[in-house]
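Student: What follows is each chain in one-letter form.
Protein chains: 2
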Amino acid sequence: MPILESELIRQIRRRADRSSGPVRIGIGDDCAVIRPRGGEDIVVTTDFSIEGVHFRRDWHPPESVGHRCLARALSDIAAMGAQPMACFLSLALAKSTPQKWVDGFLRGFLKLAERYSCTLAGGDTSSSLSGIVADVMVLGSLPSGKAVLRSGAKVGDTVYVTGSLGGAAAGLQRLQEQKVPQPARKSLRGMTGSQHFFPEPRIAMGEFLRQNKLAHAMIDISDGLSTDLNHVCEESRVGAMINSTLLPIAKHATLEHALHGGEDYELLFTASPKAKVPVEMAGVPITEIGWVTRGRGVYITDLTSKPKRLRPRGWEHFRKS
Amino acid sequence: MPILESELIRQIRRRADRSSGPVRIGIGDDCAVIRPRGGEDIVVTTDFSIEGVHFRRDWHPPESVGHRCLARALSDIAAMGAQPMACFLSLALAKSTPQKWVDGFLRGFLKLAERYSCTLAGGDTSSSLSGIVADVMVLGSLPSGKAVLRSGAKVGDTVYVTGSLGGAAAGLQRLQEQKVPQPARKSLRGMTGSQHFFPEPRIAMGEFLRQNKLAHAMIDISDGLSTDLNHVCEESRVGAMINSTLLPIAKHATLEHALHGGEDYELLFTASPKAKVPVEMAGVPITEIGWVTRGRGVYITDLTSKPKRLRPRGWEHFRKS
Numbered sequence: 001m002p003i004l005e006s007e008l009i010r011q012i013r014r015r016a017d018r019s020s021g022p023v024r025i026g027i028g029d030d031c032a033v034i035r036p037r038g039g040e041d042i043v044v045t046t047d048f049s050i051e052g053v054h055f056r057r058d059w060h061p062p063e064s065v066g067h068r069c070l071a072r073a074l075s076d077i078a079a080m081g082a083q084p085m086a087c088f089l090s091l092a093l094a095k096s097t098p099q100k101w102v103d104g105f106l107r108g109f110l111k112l113a114e115r116y117s118c119t120l121a122g123g124d125t126s127s128s129l130s131g132i133v134a135d136v137m138v139l140g141s142l143p144s145g146k147a148v149l150r151s152g153a154k155v156g157d158t159v160y161v162t163g164s165l166g167g168a169a170a171g172l173q174r175l176q177e178q179k180v181p182q183p184a185r186k187s188l189r190g191m192t193g194s195q196h197f198f199p200e201p202r203i204a205m206g207e208f209l210r211q212n213k214l215a216h217a218m219i220d221i222s223d224g225l226s227t228d229l230n231h232v233c234e235e236s237r238v239g240a241m242i243n244s245t246l247l248p249i250a251k252h253a254t255l256e257h258a259l260h261g262g263e264d265y266e267l268l269f270t271a272s273p274k275a276k277v278p279v280e281m282a283g284v285p286i287t288e289i290g291w292v293t294r295g296r297g298v299y300i301t302d303l304t305s306k307p308k309r310l311r312p313r314g315w316e317h318f319r320k321s
Numbered sequence: 322m323p324i325l326e327s328e329l330i331r332q333i334r335r336r337a338d339r340s341s342g343p344v345r346i347g348i349g350d351d352c353a354v355i356r357p358r359g360g361e362d363i364v365v366t367t368d369f370s371i372e373g374v375h376f377r378r379d380w381h382p383p384e385s386v387g388h389r390c391l392a393r394a395l396s397d398i399a400a401m402g403a404q405p406m407a408c409f410l411s412l413a414l415a416k417s418t419p420q421k422w423v424d425g426f427l428r429g430f431l432k433l434a435e436r437y438s439c440t441l442a443g444g445d446t447s448s449s450l451s452g453i454v455a456d457v458m459v460l461g462s463l464p465s466g467k468a469v470l471r472s473g474a475k476v477g478d479t480v481y482v483t484g485s486l487g488g489a490a491a492g493l494q495r496l497q498e499q500k501v502p503q504p505a506r507k508s509l510r511g512m513t514g515s516q517h518f519f520p521e522p523r524i525a526m527g528e529f530l531r532q533n534k535l536a537h538a539m540i541d542i543s544d545g546l547s548t549d550l551n552h553v554c555e556e557s558r559v560g561a562m563i564n565s566t567l568l569p570i571a572k573h574a575t576l577e578h579a580l581h582g583g584e585d586y587e588l589l590f591t592a593s594p595k596a597k598v599p600v601e602m603a604g605v606p607i608t609e610i611g612w613v614t615r616g617r618g619v620y621i622t623d624l625t626s627k628p629k630r631l632r633p634r635g636w637e638h639f640r641k642s
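So the sequences go chain by chain: S and F. The numbers in the working numbering rise by one with no breaks, and the one at position 256 of the first sequence is 256. Whatever position you read off the second sequence (first residue = 1), add 321 for the working numbering.
The shape of chain S in the complex, shown without the other chains (with noise of 0.2 Å):
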């Protein structure tokens, strides 16, 4: 690490913005002031990354580290249908961690943050012993009592979900076969795999559905759909039945990918059959894939063969292997 934390946080607060909209304090106090308008709930996420865990130095260039820490929040604050008011940054460095690594990886958090008025409004910065830690925390706001929470599915609703699935996952294989190398900066957003190293948030289309009271129970899609759409189920009390031959699969992703890779960060949501959902928002398709059923359990057919349980095998830490 080139510089003294004092310097690190000096370069930070220099590149933040001071106060904006609800942030009354931002960096340099003992805490950030925020002031909620009346009427409004706070919702709060945070999310770790960790190099060796989340990222690899040698396969993540820093802006897409930057990028997808922040994006992994932002996506949390999506699934409620809120909108971001503030985000914390806690970084920690190793004292190898050159200070163009540094650069790279505050430009991409920052682009992102600006992007949705993402006040960068505090956090804390550290030594590491060994790699790259970051936490990212966002504050974000609602309506009084209107968040979406994952309980709210019922029987008879129908399930969405938005964008393709398995994109990320299918970059990250074939980041692990090395058969692509780091790419280099201005060929990222354009290559495959780009939903793998800049996953966009789906900000507006959660705040639409919210609005619109369209959605009955939302999630994010961070560790795969198997395993989240068992989180609205078992928290909902139904079960599901999804049609694999509707699921919207990625450009070069198999159906593997789709069912069970995390880090699309698309939005997964139900809502009743009668609900007037739009099929495209912006370009993004919604597309429908199955139901929500009585009982327990989250099934999937091919229309051919006997329906069988998906279970949920997305992304889970202290696996075995």
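In short, the hints are calculated from the structure, not lab data. Glycine is no exception: its CB is placed at the ideal position from the N, C-alpha and C atoms. Be careful, since some hints might not be right.
[As the list claims (entries may be wrong)] List of simulated lysine to any residue pairs, SDA-like, C-alpha gap at most 25 Å:
1) K95(S) / K475(F)
2) K534(F) / K100(S)
3) K308(S) / G262(S)
4) K534(F) / K627(F)
5) K95(S) / R615(F)
6) K416(F) / S127(S)
7) K100(S) / V374(F)
8) K95(S) / S448(F)
9) K416(F) / A94(S)
10) K274(S) / T287(S)
11) K416(F) / Q173(S)
12) K95(S) / S447(F)
13) K629(F) / V605(F)
14) K306(S) / E234(S)
15) K416(F) / S130(S)
16) K146(S) / T614(F)
17) K146(S) / N212(S)
18) K416(F) / G131(S)
19) K95(S) / R634(F)
20) K416(F) / R57(S)
21) K475(F) / E609(F)
22) K416(F) / R56(S)
23) K100(S) / R35(S)
24) K627(F) / R615(F)
25) K95(S) / D379(F)
26) K416(F) / L129(S)
27) K421(F) / L129(S)
28) K95(S) / R56(S)
29) K416(F) / R311(S)
30) K475(F) / G26(S)
31) K251(S) / G262(S)
32) K276(S) / T158(S)
33) K467(F) / S127(S)
34) K629(F) / S6(S)
[Unchecked claim] Which chain F residues face chain S? A few, computed with CB under 8 Å, are given here:
35) M401
36) A413
37) S417
Chain S is fixed; fit chain F onto it per the hints.
Tutor: Same frame as chain S, now just chain F:
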């Protein structure tokens, strides 16, 4: 790590309050949902606790690590004059972390959280390739616009500190010199160095000083008096003169410990010389240690030799040594 992430989350969820007071939705959805009271501001802080940097498993019992990582963040809430509302715990564990360690950590964390009615409302879990990493976020609340900032010190103010200084640093030095083995759990509170193992955040004092409009500026002493007083002076664009003969030095601690040792988590504040500041609260002394001066820079005098510049020499990550 003996258990799966999903099981770890289930364990934490079982032991945490689900929803209480302002926490409408706690652990178990994409975000926590918090309902602020009308006319209140939210204050937010985050604090890293990293194995090998902030604690060592051979020095600190797990209860102390859990306690300290929350106490650090609560101390920031105290320094604004706010009341804690909810906390969030991001916890990364090496696969080899014993379940017993996790249990002890959570016991220390949750006991302190309960004491301050600070609901554990969310967080994140992850595996870690090397040591244990905890990142703690706390949200607090206070009446709108009433936060006590670092920037409010006025020329002529008296400078005060709560409690005694240097105790944590003295405890740490004893650990470094291996003069004390890892203490048995039951004897921890009574022993020398308990300020190091179980620091007490000064929540009630911070709130009292804010409610009674006594403190013009306030900070918690986490990095050491020399560093934190310099922060207040920089943000307030003033200087200070400290009288070393007045410093409330902790038992077994030296002047050096009191000036530059961090992690005491006492409050430092400035108040008008006419303010009726109590000399103690609930058995904790409040001590005058100097004055706020015109011009920049912090000076220290022992009333005998010429005043010297007191430069920030507290805790600094990324320092080369």
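Student: For every hint, state whether the structure bears it out.
Tutor: Now for the hints, and whether the structure bears them out:
| no. | hint | in the structure |
| --- | --- | --- |
| 1 | K95(S) / K475(F) | 39 Å, violated |
| 2 | K534(F) / K100(S) | 46 Å, violated |
| 3 | K308(S) / G262(S) | 21 Å, holds |
| 4 | K534(F) / K627(F) | 35 Å, violated |
| 5 | K95(S) / R615(F) | 38 Å, violated |
| 6 | K416(F) / S127(S) | 22 Å, holds |
| 7 | K100(S) / V374(F) | 24 Å, holds |
| 8 | K95(S) / S448(F) | 22 Å, holds |
| 9 | K416(F) / A94(S) | 21 Å, holds |
| 10 | K274(S) / T287(S) | 15 Å, holds |
| 11 | K416(F) / Q173(S) | 24 Å, holds |
| 12 | K95(S) / S447(F) | 23 Å, holds |
| 13 | K629(F) / V605(F) | 29 Å, violated |
| 14 | K306(S) / E234(S) | 23 Å, holds |
| 15 | K416(F) / S130(S) | 16 Å, holds |
| 16 | K146(S) / T614(F) | 51 Å, violated |
| 17 | K146(S) / N212(S) | 11 Å, holds |
| 18 | K416(F) / G131(S) | 16 Å, holds |
| 19 | K95(S) / R634(F) | 20 Å, holds |
| 20 | K416(F) / R57(S) | 22 Å, holds |
| 21 | K475(F) / E609(F) | 15 Å, holds |
| 22 | K416(F) / R56(S) | 19 Å, holds |
| 23 | K100(S) / R35(S) | 35 Å, violated |
| 24 | K627(F) / R615(F) | 18 Å, holds |
| 25 | K95(S) / D379(F) | 23 Å, holds |
| 26 | K416(F) / L129(S) | 17 Å, holds |
| 27 | K421(F) / L129(S) | 24 Å, holds |
| 28 | K95(S) / R56(S) | 17 Å, holds |
| 29 | K416(F) / R311(S) | 24 Å, holds |
| 30 | K475(F) / G26(S) | 22 Å, holds |
| 31 | K251(S) / G262(S) | 16 Å, holds |
| 32 | K276(S) / T158(S) | 11 Å, holds |
| 33 | K467(F) / S127(S) | 34 Å, violated |
| 34 | K629(F) / S6(S) | 23 Å, holds |
| 35 | M401 | 5 Å, holds |
| 36 | A413 | 6 Å, holds |
| 37 | S417 | 11 Å, violated |
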